[in-house]
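So you can see what is in the structure, the chains are spelled out below.
Number of protein chains: 2
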Amino acid sequence: MAAKPGIPKGTRDFSPVEMAKRNYIFNTIRDVYHLYGFQQIETPAMEMLSTLMGKYGDEGDKLLFKIQNSGDYFSGLTDEELLSRNAAKLASKFCEKGLRYDLTVPFARYVVMHRDEITFPFKRYQIQPVWRADRPQKGRYREFYQCDADVVGSDSLLNEVELMQIVDTVFSRFGIRVCIKINNRKILSGIAEIIGEADKIVDITVAIDKLDKIGLDNVNTELREKGISDEAIAKLQPIILLSGSNTEKLETLKNVLSASEIGMAGVEESEFILSTLHTMGLQNPIELDLTLARGLNYYTGAIFEVKALDVQIGSITGGGRYDNLTGVFGMSGVSGVGISFGADRIFDVLNQLDLYPKEAVNGTEVLFINFGAKEAAYSMNVLMQVRAAGICAELFPDAAKMKKQMSYANAKSIPFVAIVGENEMAEGKLMLKNMESGDQSLVTANELIAVVKK
Amino acid sequence: MAAKPGIPKGTRDFSPVEMAKRNYIFNTIRDVYHLYGFQQIETPAMEMLSTLMGKYGDEGDKLLFKIQNSGDYFSGLTDEELLSRNAAKLASKFCEKGLRYDLTVPFARYVVMHRDEITFPFKRYQIQPVWRADRPQKGRYREFYQCDADVVGSDSLLNEVELMQIVDTVFSRFGIRVCIKINNRKILSGIAEIIGEADKIVDITVAIDKLDKIGLDNVNTELREKGISDEAIAKLQPIILLSGSNTEKLETLKNVLSASEIGMAGVEESEFILSTLHTMGLQNPIELDLTLARGLNYYTGAIFEVKALDVQIGSITGGGRYDNLTGVFGMSGVSGVGISFGADRIFDVLNQLDLYPKEAVNGTEVLFINFGAKEAAYSMNVLMQVRAAGICAELFPDAAKMKKQMSYANAKSIPFVAIVGENEMAEGKLMLKNMESGDQSLVTANELIAVVKK
Chain H
2 MAAKPGIPKG TRDFSPVEMA KRNYIFNTIR DVYHLYGFQQ IETPAMEMLS TLMGKYGDEG
62 DKLLFKIQNS GDYFSGLTDE ELLSRNAAKL ASKFCEKGLR YDLTVPFARY VVMHRDEITF
122 PFKRYQIQPV WRADRPQKGR YREFYQCDAD VVGSDSLLNE VELMQIVDTV FSRFGIRVCI
182 KINNRKILSG IAEIIGEADK IVDITVAIDK LDKIGLDNVN TELREKGISD EAIAKLQPII
242 LLSGSNTEKL ETLKNVLSAS EIGMAGVEES EFILSTLHTM GLQNPIELDL TLARGLNYYT
302 GAIFEVKALD VQIGSITGGG RYDNLTGVFG MSGVSGVGIS FGADRIFDVL NQLDLYPKEA
362 VNGTEVLFIN FGAKEAAYSM NVLMQVRAAG ICAELFPDAA KMKKQMSYAN AKSIPFVAIV
422 GENEMAEGKL MLKNMESGDQ SLVTANELIA VVKK
Chain P
2 MAAKPGIPKG TRDFSPVEMA KRNYIFNTIR DVYHLYGFQQ IETPAMEMLS TLMGKYGDEG
62 DKLLFKIQNS GDYFSGLTDE ELLSRNAAKL ASKFCEKGLR YDLTVPFARY VVMHRDEITF
122 PFKRYQIQPV WRADRPQKGR YREFYQCDAD VVGSDSLLNE VELMQIVDTV FSRFGIRVCI
182 KINNRKILSG IAEIIGEADK IVDITVAIDK LDKIGLDNVN TELREKGISD EAIAKLQPII
242 LLSGSNTEKL ETLKNVLSAS EIGMAGVEES EFILSTLHTM GLQNPIELDL TLARGLNYYT
302 GAIFEVKALD VQIGSITGGG RYDNLTGVFG MSGVSGVGIS FGADRIFDVL NQLDLYPKEA
362 VNGTEVLFIN FGAKEAAYSM NVLMQVRAAG ICAELFPDAA KMKKQMSYAN AKSIPFVAIV
422 GENEMAEGKL MLKNMESGDQ SLVTANELIA VVKK
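Protein chains in written order, with the numbering used here: chain H, 2 to 455; chain P, 2 to 455.
Do not take every clue at face value.
Where chains are identical, the list cannot tell them apart; a pair therefore holds if satisfied intra-copy or between any two copies.
[Said to hold, decoys possible] Below, simulated DSS-like cross-link-like pairs (lysine-lysine); rule was C-alpha separation at most 27 Å, straight line: (1) 5 to 90; (2) 308 to 402; (3) 63 to 90; (4) 201 to 454.
Quick caveat, the hints were computed from the structure, so don't treat them as lab data.
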């Protein structure tokens with residue numbers, strides 16, 4: 002007796018219904034990317050470890066899945082090296098390849114390798130799985146898809162504007178109400194410059210974020226505890242209390258940051274993005290939020306994040322502008338801006354709000370019941386017409402008990418069942434049953450097509 | 002200066018144009034699978050090595066990509082074991098996971114793990130990459146996609162019929178002229194039984210296959226050299242010389258195989274499949290071909306293969322019926338029948354015959370030239386209408402030189418360019434240029450939509 006098989010922890014099988022839902026998500030995002038002129042690329046699941054290592058910090062290096070070299074992976078290793086049992090060090094001897102950890106580093110590698118074929122600005126999107134040897138937990142997987150779009154080779158803020166339009170369109174199509182949050186790394190740098198505490202910017206945003214919950218006094222106490230001077234805290238007050246419309250916030254920031262060149266640049270960029278989007282009209286609110294501090298080591302300009310309004314869940318999309326995507330591979334001067342939709346979280350949100358459109362999840366539309374060889378032959382001919390009309394349809398392959406065939410239709414949520422017996426064949430028709438209403442009617446093949454297509 | 006990055010040998014990046022072509026292939030296959038009621042599943046890239054090992058023979062085990070365990074993979078290993086430097090044996094200590102080698106074993110594992118949720122017959126398809134540490138060579142890659150469809154849990158030959166219809170429909174949609182070859186393992190077993198040379202069946206099919214090239218005498222000589230008795234060779238003559246229509250071939254086989262129960266079963270199955278398909282009418286020829294002997298260790302009934310008629314290339318699709326898909330995982334009695342489209346070869350055939358439909362490969366349909374902030378703002382508003390009408394369009398993000406923007410349109414094969422200057426804005430219109438004909442006309446946004454959609 003063979004052992005019951007399992008799958009690696011942190012990985013998942015996707016059933017037909019889950020796949021239909023996931024495809025709906027990917028296709029919606031893909032369609033909008035196409036509308037905006039983004040083109041798809043794919044890169045291999047395996048990259049050279051020399052490409053991946055050192056790009057995600059020490060912690061990231063540990064989370065790379067490494068692939069053992071084929072053949073004799075011991076060659077060139079001394080007994081001493083082997084007996085050192087230094088797992089991390091020997092891994093680089095045993096393995097030269099690893100699974101991709103995100104889509105950004107492979108994209109940077111792609112841009113460098115294909116620089117001569119690419120016409121810049123390059124608007125690419127990529128929807129592929131990534132792998133991380135993270136400790137699995139609820140909502141965190143070792144294999145998951147990323148859906149990234151980036152524009153590289155253009156400094157224009159119109160790219161930021163279009164990415165926000167993409168976000169707005171995608172979530173409108175999903176029917177998920179969201180708030181788009183926007184910030185700018187340059188504003189944060191300006192704040193740090195003004196108060197002379199450049200290294201405390203994360204502490205500051207964390208504290209500001211608590212204003213609603215703990216009140217101003219406690220925020221100031223927390224800032225003091227983090228070692229921020231009273232003078233700096235005084236200067237921070239208008240920023241902590243920043244409120245009102247985006248325009249009002251920007252006015253306040255212009256006053257506070259007037260002495261910081263970089264801060265003012267961030268304000269101007271945000272002003273352009275927000276006012277352009279205001280003119281265009283988004284379906285979802287967009288809000289300047291200084292507490293947004295994702296990827297501070299990476300982003301150099303605008304930073305985005307999207308929050309679902311009707312479900313308690315973390316950020317469901319994020320992104321920003323970065324300089325020097327490809328510098329680490331020896332190609333400088335390539336800046337870009339990108340977004341990444343969190344497909345797994347969007348999946349959960351759509352499930353919780355029950356927002357999947359029926360037609361996205363439905364598969365087969367008509368099941369033909371099989372009563373035997375003659376009826377099956379008759380049905381196969383009708384099926385050809387039905388499928389030629391673009392209707393997904395199937396014949397139960399075996400002349401099984403009616404009950405079994407009906408259960409099959411139910412299990413697959415097939416909305417119509419076609420029943421063909423002696424009488425129907427004699428008349429050149431078939432009995433079409435609506436599985437939801439229970440209504441039955443005797444129809445021709447063309448009538449069936451009309452009813453199902455409706 | 003960083004080293005120039007590369008990718009693992011045998012793997013590929015896919016550029017936007019390649020991706021568009023590949024998506025056209027996958028979408029065409031997927032659409033037809035859906036029409037026939039197949040549902041998609043996905044399984045993880047990584048499987049437990051216990052799931053994969055021993056399923057593909059010794060050679061296959063060596064070609065598995067193994068993933069090094071995270072953390073201290075030396076634990077539990079003695080110094081002696083380490084110093085033995087037995088790469089194959091220690092791999093199983095260092096690694097417990099591997100990349101999937103095909104879609105069949107993961108599917109079998111899926112069926113066993115999800116048996117309680119699955120309603121049989123289960124019509125599943127799966128389009129995912131697989132990985133093999135094969136020696137890379139022209140047309141053979143270490144990462145490639147498989148596009149499999151299988152029906153499990155039904156013995157009905159209608160499944161074979163429908164799979165042939167699927168093959169016929171897919172290649173008709175591609176515009177690739179093919180010959181569908183069909184054989185049956187039971188016929189081959191019958192032949193072996195009749196001539197008393199059960200273990201020589203592959204030698205026999207190889208020899209028969211050479212009839213056209215080397216003539217009957219040389220075929221018989223080769224059979225004799227393979228150790229087949231004169232008596233058996235005499236009995237084989239009608240089979241070697243088998244020709245004519247499928248019906249004629251089946252008549253000959255009925256005579257030759259009349260004493261073999263299994264042989265006659267194979268003839269009857271083939272007769273049913275071919276005559277049903279004849280009634281339905283295929284667009285491509287289907288031919289009973291006894292030299293078809295793929296997967297003899299695996300297939301137990303019908304065997305299929307598809308050959309392109311206008312390009313010299315190996316089989317571009319194949320499949321067959323198998324018993325006991327899941328026995329190795331402790332679940333017996335699950336038989337099935339499946340096909341697998343060879344996406345990489347189909348890609349090559351479509352390229353060689355230049356059969357990609359324009360709309361499948363095209364991306365952006367209109368590029369708006371950027372002359373500056375005011376013109377860009379005007380264009381962004383028109384773009385909203387154009388995209389809302391479902392047209393893929395973009396604005397060049399920077400006010401770069403006209404020549405650079407036109408080169409961009411050319412490089413991306415964008416068929417229309419919209420030019421917006423002072424005059425156009427004053428009139429509330431834009432100049433639309435057809436990049437192929439060079440024609441220009443002053444149009445409104447709605448007129449642009451109508452022209453581009455035509």
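Quick rundown of the hints versus the structure:
1. 5 to 90: between (35 Å within a copy, 23 Å between copies)
2. 308 to 402: Answer is neither; intra-copy 51 Å and inter-copy 39 Å both fail.
3. 63 to 90: both (11 Å within a copy, 25 Å between copies)
4. 201 to 454: Close neither inside one copy (61 Å) nor across copies (54 Å); limit 27 Å.
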